[in-house]
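Colleague: Single-letter residue listing:
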Amino acid sequence: MNAETNNLVPSFVVLQVGTRRIALPREGVAELIASPLLFTFPHTTPLISGVVLRRGRILPVLDLAPGVSGAPSSSTRFYLVVERQISNASEKCAIPVQGACELVTGIVFPAGDDRGFVTGHLDLNGEQIEVLDLEKAIAFSAAQKSEWIPATEALS
Amino acid sequence: MFSIAEYSFVISASSVQEIRSTDSLGGIVVELDRPVLRKVRHIVERDARSYYVVSGYEHFHLPLSRPTSVLILRDVPVAVLVDRIEEMAEMRVLLGLPRSFRGEERVWYRGLTVLGRKVLPVADPRGFLTVDELRRLEEENPGLLQTAGHAVGASRYERERV
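Taken in sequence, the protein lines are chains V and E.
For what it's worth, the working numbering labels the leading residue of the first sequence as 1, then goes sequentially.
For what it's worth, the working numbering labels the leading residue of the second sequence as 1, then goes sequentially.
Derived from the structure by calculation, the hints contain no laboratory data.
It is possible that part of the hints are untrue.
Cβ-to-Cβ under 7 Å is the rule here; a few derived chain V residues that face chain E [unchecked claim]:
no., residue
1, Leu-38
2, Phe-41
3, His-43
Straight-line alpha carbon distances no greater than 20 Å define the calculated SDA-like cross-link-like pairs of lysine to any residue that follow [to be verified]:
no., chain 1, residue 1, chain 2, residue 2
4, E, Lys-118, V, Phe-39
5, V, Lys-92, E, Thr-22
6, V, Lys-136, V, Thr-76
7, V, Lys-92, E, Leu-95
8, E, Lys-118, V, Thr-76
9, E, Lys-118, V, Gly-56
10, V, Lys-92, E, Lys-39
11, E, Lys-39, E, Thr-22
12, V, Lys-136, V, Asn-88
13, E, Lys-118, V, Arg-77
14, V, Lys-92, E, Val-16
15, E, Lys-118, V, Gly-50
16, V, Lys-136, E, Arg-99
17, E, Lys-118, V, Thr-40
Beta carbons are placed, not taken as given, at the ideal position from N, Cα and C, and that holds for glycine.
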């Protein structure tokens, strides 16, 4: 594959969220950071576990794991910083990740997905990695979490 | 800075009229006939002014805590029960709440600040009781804020400012 062809092949960041490896389009990913401190305070927005401080900026931490792997992420020092579009403005958010992230290129194959946030899958040496639409994954995970809250209250 | 349960908060000193211990609050405490909000069960009257007593832990949906102090706010008819007053500090920066936050926190906080390398929420004094909550309280307990010692005109003035 020459350089010209390589530029046409989309690239992705593969990350581990909870117990699963997933991929996000490279364009929406800013950087991988190690942040020792997660600051928490009361709020009612699903998925947000707190904020981290990065170069004087405050980044909300969005945990995708409930929707993606079925349980919240275990504690971590590493966050993938992604760019979101919210109300016609961009905002950087941090996604907790377990371990290292990989930058890969590859063709996305279509995938049937009843959850609506998987746009396709990558074949990485035989491993099938789901490629996520970040905004749809956030909406799905938030809906999952909202369903858990009444169930938890009913049990308590 | 004050704390409720395990969390610390910041509130502008200019929005606080007085800080009292719950043991030495003084004044007249009146129980609401109809506590339409879980977080408000009493009115306290001090120095001819009356305030709805807001439970801090109920307001922020936190586990039951042991309030030992009361923040009596300046421009709203609200007294907030908090666990502890931690310290006075100079707030150098007020950052907007990131847009990803979409819940009640948008009413609760003016934004976030960084103090001693910690990120803390800055409470909005007008967020403890919204205009709608104040209206509901007064509709269900008509005149109680006034009879607890508050002048009618002043109450309306405050309500408009809230």
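Colleague: Look at each hint and say if it fits the structure.
Modeller: Evaluation of the provided hints:
For V/Leu-38, the suggested interface contact is broken, since its CB lies about 10 Å from the closest CB of chain E, more than 7 Å. Evaluation of the V/Phe-41 hint against chain E yields a held restraint, the C-beta minimum of about 5 Å falling below 7 Å. Interface hint status for V/His-43: upheld, as the beta-carbon distance to the closest one in chain E is roughly 4 Å, under 7 Å. Using a Cα cut-off of 20 Å, the hinted pair E/Lys-118 and V/Phe-39 holds, with the two alpha carbons roughly 7 Å apart.
For the hint linking V/Lys-92 to E/Thr-22, the alpha-carbon distance of about 42 Å lies beyond 20 Å, and the restraint is violated. Only pairs whose Cα atoms come within 20 Å are accepted, and V/Lys-136 paired with V/Thr-76 is rejected, the gap being roughly 24 Å. The suggested pairing of V/Lys-92 with E/Leu-95 holds, with an alpha-carbon distance near 14 Å, which does not exceed 20 Å. Of the pairs offered as hints, the one joining E/Lys-118 and V/Thr-76 holds, with about 18 Å between alpha carbons and a cut-off of 20 Å not exceeded.
Simply put, E/Lys-118 and V/Gly-56 have alpha-carbon atoms about 11 Å apart, close enough for the 20 Å limit, and the pair holds. Taken as a hint, the V/Lys-92 and E/Lys-39 pair is broken in the structure, with Cα atoms around 34 Å apart against an allowance of 20 Å. Between E/Lys-39 and E/Thr-22, the direct Cα distance comes to roughly 16 Å. Compliance with the 20 Å bound is thereby established for this hinted pair. Distance hint between V/Lys-136 and V/Asn-88 is fulfilled; the C-alpha atoms sit about 16 Å from each other, no more than 20 Å.
Distance check on the hinted pair: E/Lys-118 and V/Arg-77 sit about 16 Å apart at the alpha-carbon level, within 20 Å; holds. Using a Cα cut-off of 20 Å, the hinted pair V/Lys-92 and E/Val-16 is violated, with the two alpha carbons roughly 34 Å apart. Note on E/Lys-118 and V/Gly-50: the hinted pairing holds, with a Cα-Cα distance of about 12 Å set against a maximum of 20 Å. With a CA separation close to 17 Å, the supplied pair V/Lys-136 and E/Arg-99 stays within the 20 Å bound.
Between E/Lys-118 and V/Thr-40, the direct Cα distance comes to roughly 10 Å. Compliance with the 20 Å bound is thereby established for this hinted pair.
This entry does not satisfy hints 1, 5, 6, 10, 14, going by the numbered hints stated previously.
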